[in-house]
Amino acid sequence: MLHSANLSLDQAPPLSIPLRFFLTAPLFGLGAAFLLIIYGPEALFSRWETATLALTHLLTLGFLALVMCGAILQMLPVIAGSPVPRVHLVGTLVHLLLTLGTTLLVAGFLTDASFWLEAAALLLTAGFGIFILAVTIALWRVKATSATINGMRMAILSLVVTAGLGVMLIAGRARWIQLDTLLFADIHLTWGLLGWVALLVVGIAYQVVPMFQVTPEYPAWIKRWLTRTLLFFLILWSALKIVVTQYQLPAFVVPASLGIIICGYILFASVTLLLQHRRRRRVFDVTLLFWRTGLGSILVCALLWISGYFAPALKELPQFDLLLGIGLIAGAGLSLLNGMLYKIVPFLTWFHLQNRQLTLMCMTVKIPNMKELLPDRTSKLQFSVHLVFLTMIILSIFFPAWFTHAAGVMFGLSCLLLWLNLARISWRYRAVNRTLLSSSKKDT
Amino acid sequence: MEQTLDVSMLEPCEPLNRTLAAIMELSEGDYLRVIHRREPHLLYPLLEKQGFSRLTVPGHSNAAFEIYIWRQQDTVAQAAVQSATHSARF
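These protein sequence lines map, in sequence, to chains A and B. Just so we're aligned, residue 0 is where the first sequence starts under numbering that gives the first Met the number 0, counting upward by one. Just so we're aligned, residue 0 is where the second sequence starts under numbering that gives the first Met the number 0, counting upward by one.
Among these hints, one or two may not hold up.
[What the hints assert, rightly or not] Only some residues are given here: those of chain A computed to face chain B with a beta carbon under 10 Å:
# : residue
1 : ARG279
2 : PRO345
3 : TRP349
4 : THR358
5 : VAL364
6 : ILE366
7 : MET369
[What the hints assert, rightly or not] Calculated Cβ distances over 12 Å to all of chain B for the following chain A residues:
#  : residue
8  : ALA50
9  : LEU96
10 : SER113
11 : GLU117
12 : ARG140
13 : ALA173
14 : THR180
15 : LEU181
16 : PHE183
17 : HIS187
18 : ILE241
19 : THR292
20 : SER383
21 : TRP401
22 : ASN432
[Claimed, not checked] Here are the computed lysine-lysine pairs in the BS3-like style, where the Cα-Cα straight-line distance is at most 25 Å:
#  : chain 1 : residue 1 : chain 2 : residue 2
23 : A       : LYS440    : B       : LYS48
24 : A       : LYS365    : A       : LYS441
25 : A       : LYS441    : B       : LYS48
26 : A       : LYS142    : A       : LYS222
27 : A       : LYS440    : A       : LYS365
28 : B       : LYS48     : A       : LYS365
Keep in mind the hints are simulated off the structure, nothing from the lab. Values in this document were obtained by computation on a predicted structure and should not be read as measured data. From the three backbone atoms N, C-alpha and C, an ideal C-beta is built for every residue, glycine too.
Modelling step: build the complete structure from the supplied sequences, incorporating the hints.
Take a look at the structure:
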């Protein structure tokens with residue numbers, strides 16, 4: 000819920016802060032596309048290949064994390080009435096450190112040079128450290144909490160675990176510490192995808208699905224219990240996984256606790272699809288297509304994981320882990336965040352312009368609405384390309400020589416179109432803002 | 000006199016756009032009753048900037064909130080809002 004008592008438009012960061020995160024994310028996507036084109040099947044050979052690690056982190060850190068950090072910095076003052084302290088400085092530093100850190104990490108994976116990896120670990124620790132500290136202060140100051148705020152708190156806690164384990168894994172690779180790489184890499188990626196990314200998506204969905212898609216509200220019991228149950232079982236799963244591995248105990252308790260987490264996400268995806276089916280205003284909306292693709296991917300990945308549990312032969316196939324990873328990162332993560340960007344960016348732009356117009360009392364200039372800022376045909380075209388990319392990347396797992404390069408080309412095109420669509424909105428913002436300022440000067 | 004605007008089935012930014020357009024049409028003594036499914040917190044500071052007052056009360060059926068809006072100096076409209084919200088409550 001928004002809280003008017005605490006709300007001040009002046010507390011919200013300038014539009015340039017979230018926009019720099021949102022506009023950089025597709026560029027890392029383009030980097031991932033180039034990597035797929037250049038390395039081809041090698042990039043999808045196994046999850047331990049250096050090219051695969053580089054590709055994964057271009058998507059998770061470069062795309063997903065940048066969008067999520069930008070969205071949190073922007074949304075906290077609006078949905079919680081609690082601005083991030085020194086948001087301009089924090090936003091600038093975090094963006095710079097994460098962008099440089101991710102670039103060096105990818106370079107480190109590709110060249111297998113520990114110097115780049117260590118430098119990346121430093122920059123990413125500083126970037127996420129500043130972000131986590133600033134956001135934790137803002138979340139601490141929230142007076143009236145909500146399901147979205149709780150989701151954010153748990154996502155931030157998951158980010159602490161994910162980033163901490165990431166640094167540990169780099170330290171292990173550099174032989175600074177002794178580490179069971181397989182065990183901690185599993186925990187790192189599970190906290191990253193099922194904690195940091197997914198818990199934030201769930202928390203934000205409670206706010207944006209009913210608001211932007213005119214659906215009924217999520218049931219109160221889901222808003223109350225889902226994220227905390229998921230976090231509890233993530234902690235339990237990690238503890239059990241470490242204990243079972245160290246002391247060679249019966250292993251069935253580990254997948255059982257992960258199974259409960261999977262069931263939680265099946266519940267979230269099913270309820271969201273049901274709410275969207277019951278939406279009150281049935282007009283065409285591209286973001287709904289992105290949401291359905293993302294939620295469908297969650298359900299398919301969940302079914303795949305359950306099938307793998309009951310049919311161990313399936314789980315042993317080399318394609319199993321890759322299919323799950325691509326389904327969760329590209330199918331769910333990229334689709335859901337792409338859909339969210341197409342609502343958040345036009346809305347923020349329109350709102351900032353509206354606010355500027357009323358501040359200047361310059362009513363002769365027409366403020367473009369969300370559909371004018373982002374026409375359906377451009378976002379629809381990008382969705383079609385994104386869907387072709389998803390089909391090709393899944394096919395490339397089974398027929399790598401035939402489809403990997405083509406998947407890279409389609410992903411590059413999709414990221415380029417996304418960047419152009421977002422950049423056009425920011426260019427339009429600048430143009431209207433200039434007109435407002437010059438008209439107000441003329442009036443005075 | 001009451002002017003009514005139902006934005007409960009519209010997605011952002013239409014409710015805010017239409018409300019800001021509708022308040023500019025208010026004559027002296029008139030107030031606007033906006034029927035909304037969510038509390039429009041982002042609207043409030045914009046109303047203040049435009050010189051309008053508002054009162055938000057719980058709505059009926061599918062409208063969770065009703066927002067009454069009138070010009071700050073318009074005492075006739077303010078009295079009409081008080082009377083309307085009082086009779087709605089009791």
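(message) Please check whether the beta-carbon of THR180/A is more than 12 Å away from every beta-carbon in chain B.
(response) holds, 46 Å
(request) Classify the hint on TRP349/A as holds or violated, based on whether any CB of chain B lies nearer than 10 Å to its CB. (result) Holds, about 5 Å.
(message) At 12 Å, judged by beta carbons, does SER383/A keep clear of chain B as stated?
(response) At roughly 23 Å from the nearest Cβ of chain B, SER383/A sits farther out than 12 Å, so the non-interface label holds.
(request) With a cut-off of 10 Å on the beta carbons, see whether VAL364/A makes it to chain B. (result) violated, 14 Å
(message) Next pair to validate is LYS440/A with LYS365/A; report whether the Cα-Cα distance is within 25 Å.
(response) Cα-Cα ~16 Å, so holds.
(message) Is the claim that THR292/A lies outside the interface with chain B correct, judged by CB distances over 12 Å?
(response) Given a closest Cβ separation of 20 Å, the condition holds.
(request) Grab the minimum beta-carbon distance between TRP401/A and chain B and tell me whether it stays above 12 Å. (result) holds, 42 Å
(request) May I ask you to check that PHE183/A keeps its beta-carbon over 12 Å from the closest beta-carbon of chain B? (result) Given that every Cβ of chain B is farther than 12 Å from that of PHE183/A, nearest at about 43 Å, it holds.
(message) Is the claim that ALA50/A lies outside the interface with chain B correct, judged by CB distances over 12 Å?
(response) holds, 42 Å
(message) Would the hint linking LYS142/A and LYS222/A be met if the CA-CA limit is 25 Å?
(response) holds, 18 Å
(request) Hey, is ASN432/A genuinely clear of chain B, shortest beta carbon separation above 12 Å? (result) Holds, because the least Cβ-Cβ distance between ASN432/A and chain B comes to about 17 Å, which exceeds 12 Å.
(message) If we take the beta carbon of HIS187/A, is the closest beta carbon in chain B still more than 12 Å away?
(response) holds, 37 Å
Consistency note: the structure conflicts with earlier hint 5 alone.
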